[in-house]
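Quick note, the sequences are listed as chains A and B, same order.
Counting from 1, one number per residue, gives the positions in the first sequence under our numbering.
Counting from 1, one number per residue, gives the positions in the second sequence under our numbering.
Hints are computed from structural coordinates only; laboratory data are not their basis.
Mixed in with the good hints there might be a few duds.
[As the list claims (entries may be wrong)] No more than 27 Å apart at the CA atoms, straight line, and that leaves these computed lysine-lysine pairs for BS3-like:
no.	chain 1	residue 1	chain 2	residue 2
1	A	LYS415	A	LYS532
2	B	LYS213	A	LYS610
3	B	LYS480	B	LYS696
4	A	LYS343	A	LYS480
5	B	LYS682	A	LYS682
6	A	LYS403	A	LYS480
7	A	LYS610	B	LYS610
8	A	LYS415	A	LYS467
9	B	LYS213	B	LYS457
Fair warning: this is a prediction, and the values are worked out from it, not measured in the lab.
There are 2 protein chains.
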Amino acid sequence: MSETLSTLLAPRSVAIVGASDNVARIGGRPLRYMREAGFAGRIMPVNPNRETVQGIPAFGSISALPETPDVALLAVPADATVKAVEDCAALGVRNAIIFSAGFAETDAEGLRIQNRITGIARESGMRVLGPNCLGVFNPSTHFYGTFSVVLDNAFIQPGPVGIVSQSGAYGSHIAHLARSRGLGVSQWVTTGNECDLDLAEVLHWMVDQPDTKVIMAYAESIRNHEHFFAALDHARNREKAIVFMKTGRSDVGAEAAASHTAALAGSDAVFDAVLRQYGVFRAATTAEQLDVAYACAPGIFPKGNKIGIFTMSGGFGIQMADDAVAAGLDVATMPEPVQVELKALLPYASPRNPVDATAQAVTDLPLMTRYIRAILDKGGYDLFVGIFGTGPASATFAEPLRKALLEAAEGHEDKIRALTMSADPDVFRRYEADGFIAHEDGSALIKALGALVGFRKSFDAAKSASKVDAAQRIEIRPGKHSERSAKDILSQAGIAFPREELAAPGSDVGAIAERIGFPVVLKIASPDIAHKTEVGGVKINIRSADEARSAAADILARAAETCPGADIEGIIVAPMISGGVETIAGVVNDPVLGPVVMFGLGGVFVEVLKDVTFRAAPFSVDEAHRMIRDIRSYAILEGVRGEPPADVDALAELLSNLSRFAAAHADVIESIDLNPVRVLPKGQGVAPLDALLVLKEPRP
Amino acid sequence: MSETLSTLLAPRSVAIVGASDNVARIGGRPLRYMREAGFAGRIMPVNPNRETVQGIPAFGSISALPETPDVALLAVPADATVKAVEDCAALGVRNAIIFSAGFAETDAEGLRIQNRITGIARESGMRVLGPNCLGVFNPSTHFYGTFSVVLDNAFIQPGPVGIVSQSGAYGSHIAHLARSRGLGVSQWVTTGNECDLDLAEVLHWMVDQPDTKVIMAYAESIRNHEHFFAALDHARNREKAIVFMKTGRSDVGAEAAASHTAALAGSDAVFDAVLRQYGVFRAATTAEQLDVAYACAPGIFPKGNKIGIFTMSGGFGIQMADDAVAAGLDVATMPEPVQVELKALLPYASPRNPVDATAQAVTDLPLMTRYIRAILDKGGYDLFVGIFGTGPASATFAEPLRKALLEAAEGHEDKIRALTMSADPDVFRRYEADGFIAHEDGSALIKALGALVGFRKSFDAAKSASKVDAAQRIEIRPGKHSERSAKDILSQAGIAFPREELAAPGSDVGAIAERIGFPVVLKIASPDIAHKTEVGGVKINIRSADEARSAAADILARAAETCPGADIEGIIVAPMISGGVETIAGVVNDPVLGPVVMFGLGGVFVEVLKDVTFRAAPFSVDEAHRMIRDIRSYAILEGVRGEPPADVDALAELLSNLSRFAAAHADVIESIDLNPVRVLPKGQGVAPLDALLVLKEPRP
């Protein structure tokens with residue numbers, strides 16, 4: 001796999017099928033870009049009507065090529081594409097990039113043709129990118145297998161940012177924004193309809209590229225969640241940051257996404273949680289995606305979250321402190337003796353943090369240097385940010401300021417040193433060359449710095465994580481399962497349920513209830529009745545044997561009435577457990593992301609506040625702990641209003657076991673509900689009181 | 001007031017006390033700016049050591065001035081300021097602007113000197129801006145009463161944006177950003193320490209300026225909440241949008257704010273809710289403040305929230321649809337017949353909304369025009385946005401695109417027509433001249449469009465709002481108040497409590513309980529016991545007269561034991577009310593914003609989720625309804641899990657009455673708690689079960 005993509009991005013030779021003399025056309029642009037940029041490999045235009053294209057000798061057909069190219073760019077209409085793909089495969093071409101649209105995104109016929117191309121790729125081993133994509137480029141080798149107009153006026157410099165995008169327009173847009181920001185690009189790949197190569201495979205490969213420090217990704221959907229998770233996991237193990245734009249957040253967006261890429265968009269909340277699980281930063285806006293990628297470019301991910309803020313304006317300092325707290329950073333106070341020291345230099349300064357040297361520092365740069373040195377040398381901070389306002393925009397002030405700053409920051413090259421200021425782009429580039437991160441917008445800057453700390457946490461957590469496998473396979477018979485059967489199966493997966501007994505039809509419920517101990521709950525047991533309460537199939541708080549007998553008779557009578565054909569196994573007699581915190585756990589088999597475990601607090605928390613979270617299965621007990629802490633109402637599990645803390649350890653174990661079971665049986669399970677799960681006081685475990693297991697409908 | 005600020009911003013004559021030949025100095029910059037810009041009024045430098053300053057005849061002292069200036073700029077050190085202020089007042093100068101720092105923001109001595117200046121202002125009637133401010137400017141009259149370096153390289157054009165900022169650095173920064181955005185400024189005022197003129201007064205005046213369509217404000221604190229609210233109310237009545245940056249959100253920020261402006265920062269959640277109450281847009285970041293102000297500049301605030309999105313890239317369309325939904329906009333589907341019409345023009349287009357004409361529209365501009373016309377003419381949208389990506393950056397494409405767009409949008413000048421694209425600033429200016437709002441960042445654009453709809457709602461709500469006055473004054477005796485006394489007082493303010501009786505010491509609690517009807521609650525009645533439950537002073541669910549008698553004895557014994565000196569009025573006998581939804585209402589007297597009513601759901605909702613909201617008192621029943629809908633868990637009041645909807649009308653009336661009471665007695669009330677307030681099913685009213693009234697400590 002790796003090698004394929006390496007030849008795709010750095011081919012020794014490239015054929016352009018449908019090459020054009022017109023540099024504005026799809027078949028003309030790639031050739032123009034490679035000529036102008038100075039691509040060192042062999043370029044072979046294919047055009048049956050010309051001797052040369054843009055001055056380069058052309059060939060009449062793919063089969064007439066004098067050597068087998070590493071990459072063939074197919075700039076031919078949709079209806080000529082299958083033939084071109086076949087010819088390339090026959091010649092042994094290693095990679096083909098299909099530019100044209102009109103395939104799966106259009107109609108069923110387009111999908112059929114696209115599937116044929118997929119088939120050719122699978123049979124021949126030739127890798128195909130697209131169709132309906134803008135191709136690839138690689139600034140360091142000057143390979144431009146793309147017709148993106150974003151390169152019309154200027155190329156993009158090599159640099160630390162990898163870009164992979166399902167949308168060519170979006171990929172072009174962020175490449176443009178990166179260029180405006182002075183951010184170089186290592187590799188740029190757009191995947192379009194993904195008939196063969198997909199986002200996950202490209203991501204995985206990019207992680208291994210030494211020149212790539214951070215990856216900007218854009219996706220509307222995911223083809224194969226296992227490959228996708230493997231790529232994300234690989235990235236955090238290699239300490240490569242991924243900054244992700246996933247669209248289709250709203251129902252409207254998801255509808256548009258489905259019509260656009262012919263792919264199902266997964267539930268957005270699930271996607272969001274799973275990206276968090278893998279330590280990926282999900283950008284809310286394109287601007288944020290750029291900001292975070294920019295901050296990652298130096299490759300410094302600070303260990304701690306203590307930030308020292310230098311300012312010459314109180315107002316800006318306050319604003320940045322607010323933003324820092326919102327970004328999860330710690331605006332820790334400067335050590336007391338250092339404050340005293342700084343006060344001695346300037347009595348009306350405010351050296352707490354933000355360290356405000358007042359406008360005095362503008363006229364007295366040595367003072368500024370001493371203040372900043374004090375923050376860096378003695379503040380104990382992991383990150384530093386200086387607020388310089390419009391000062392650097394002044395031609396007379398920018399250079400002395402830069403020198404003073406450089407002097408102050410010397411010896412702290414391993415720390416994040418950031419600036420916010422207003423100035424022309426060339427001034428920014430000079431500060432960046434000195435090792436500073438510089439941003440015009442202080443709020444955006446600080447949010448990006450918060451993301452750096454998050455990446456470090458995720459990298460470190462990945463390092464200490466133990467490998468979690470799916471559970472051992474359990475035999476699950478097809479068809480509907482009753483509560484009892486569901487509990488039986490899940491018990492084998494390590495999920496403990498309170499002791500309960502089945503009173504088979506005709507047996508004495510009263511006697512069984514006495515054995516269990518009052519109060520008890522009675523529940524109808526039937527694989528055909530999923531929602532027991534709705535048919536009067538549950539009676540709670542039963543306090544005597546007689547009461548149990550009459551309640552059981554009642555339940556059976558109601559069941560006979562409301563579900564006449566149902567297969568009745570009997571009545572479940574269970575202890576009445578009412579203490580602890582009511583929660584809900586479950587499994588959904590997400591159409592995009594596969595088996596996913598859900599967790600939330602029960603009752604109004606799940607129904608009104610939608611305070612639930614998700615994790616892709618399987619996951620460890622440690623990850624389950626992070627999952628539990630995700631919910632807004634987590635404090636309830638810690639004990640509020642005099643309640644004891646709940647047994648979160650037992651809950652985490654249950655969730656991890658559930659995830660391992662879900663992963664092992666993803667092919668057969670549609671969904672699982674454990675509702676409610678009562679989380680008892682610390683040390684007393686968890687009590688899942690009900691279980692519902694729904695299997696996938698067998699495929700016709 | 002109005003007239004004063006008008007002379008301050010457009011003086012006929014100005015004196016510069018401490019005028020300097022050095023154009024980089026505080027006393028030199030204003031003179032340089034006015035000379036270069038061509039200020040038409042008389043400029044009178046004051047400098048005892050020079051005949052002329054920057055070529056203009058100077059005067060030896062303030063008293064030597066040949067005429068009384070409308071404005072005196074005091075560019076003298078802090079220790080010379082009081083004398084200068086006195087001299088100006090003696091001469092009858094109308095306005096003085098004090099630049100220098102070293103007053104209340106520094107230490108107690110500075111505060112003392114500042115208070116002297118305030119005294120001189122009050123006595124003389126001369127208005128004072130500052131100290132510790134950057135002054136004012138007015139581009140249309142070329143009056144530059146400021147030494148802000150932001151004008152160093154270029155002036156700022158006149159335009160629709162008023163700027164008022166407590167921080168000079170922040171005011172300069174947003175002026176700079178407005179200039180970069182091509183946004184002109186009507187008036188610019190920085191208020192610094194606000195020894196006399198404050199933010200509220202400037203805001204109020206700016207609202208009345210016809211050239212001001214939108215105001216950007218920055219505040220760290222508010223001097224006088226009544227003036228502030230009056231200014232905000234004035235703005236919405238005049239349909240002027242205010243875009244507010246309030247710092248001190250975090251504890252750290254608030255600490256820095258306090259040390260910076262010597263002003264108490266109010267609780268941020270309160271501030272946030274109150275700005276919402278008055279229809280002010282609170283910007284989270286400076287970028288957002290600019291974005292929203294920019295979108296307000298044309299002065300179009302759409303009636304509805306339906307947005308039509310045109311795109312040539314599916315990916316961008318999805319992203320914008322997501323953003324639109326998040327911004328509260330309605331991405332309504334195009335009418336079916338129009339979709340059919342558009343499909344006929346281009347079969348593989350996706351004309352739902354986002355209306356995706358695909359990249360085909362790039363090469364076929366008449367097609368694009370027809371698509372956009374269809375959206376504008378037949379879509380029924382209030383807002384239109386077109387996504388153009390990097391297209392307009394191309395020199396060959398920008399002009400034809402502009403013409404095609406102009407043709408498509410003709411006749412829809414009353415609608416918001418917005419674009420997102422990447423291009424050079426001059427391209428943006430051309431589209432703006434055509435009446436378009438244009439932004440490089442689609443997400444930021446759409447968020448700003450959402451703000452426009454919010455402004456319209458607030459303007460309209462203000463129009464239909466009935467005036468709410470504070471309640472009639474009720475006699476409240478000083479000292480501590482028991483629950484009974486609090487209920488007595490609040491009952492007079494229109495808040496109805498369930499019927500209950502006091503069993504005075506020695507009377508028969510059992511008989512009273514029988515009269516009330518079982519079950520009942522018994523509560524100790526004492527002005528000295530605020531937290532009754534904690535001392536065993538409450539017994540619930542009493543079901544017989546005997547049980548009541550023994551419970552009462554128990555309560556009294558416990559009270560005697562735990563609060564030996566307490567004044568015991570007796571035992572309150574109240575009906576046991578347990579239905580409905582548990583809520584909490586209260587009043588806090590915010591140090592910055594005055595009497596404020598709080599509302600939230602009870603129990604874990606308030607304790608764990610902090611799901612509460614606030615409104616400044618007094619407010620109407622309509623505003624109370626908006627307040628109730630503010631909370632995240634509002635749906636619980638609408639009825640969930642089979643519960644009936646709660647009596648929200650009665651709740652709104654209670655909150656409004658509470659607010660009118662709080663406003664009428666703000667001078668004596670410290671806080672009020674109504675906890676719990678049970679909101680019964682619709683038609684059955686509300687039952688506040690407990691009341692706590694705390695009066696302010698009398699000042700020594």
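Right, here's what the structure says about each hint:
Restraint check for LYS415 (chain A) and LYS532 (chain A): the C-alpha separation of about 60 Å exceeds 27 Å, so the hint is violated. Taking the CA atoms of LYS213 (chain B) and LYS610 (chain A), the gap is near 40 Å; set against the 27 Å cutoff, the hint is violated. Restraint check for LYS480 (chain B) and LYS696 (chain B): the C-alpha separation of about 10 Å stays at or below 27 Å, so the hint holds. For the suggested pair LYS343 (chain A) and LYS480 (chain A), the alpha carbons sit about 75 Å apart, so the restraint of at most 27 Å is broken.
A threshold of 27 Å between alpha carbons decides the hint, and for LYS682 (chain B) with LYS682 (chain A) the separation of about 41 Å lies outside it, so the pair is violated. Distance check on the hinted pair: LYS403 (chain A) and LYS480 (chain A) sit about 74 Å apart at the alpha-carbon level, beyond 27 Å; violated. For the given pair, LYS610 (chain A) sits about 16 Å from LYS610 (chain B) by alpha-carbon distance, which is consistent with the 27 Å threshold. A threshold of 27 Å between alpha carbons decides the hint, and for LYS415 (chain A) with LYS467 (chain A) the separation of about 32 Å lies outside it, so the pair is violated.
For a cut-off of 27 Å, the pair hint linking LYS213 (chain B) to LYS457 (chain B) stands: about 17 Å separates their Cα positions.
The structure does not agree with the numbered hints 1, 2, 4, 5, 6 and 8 stated previously, though it agrees with the rest.
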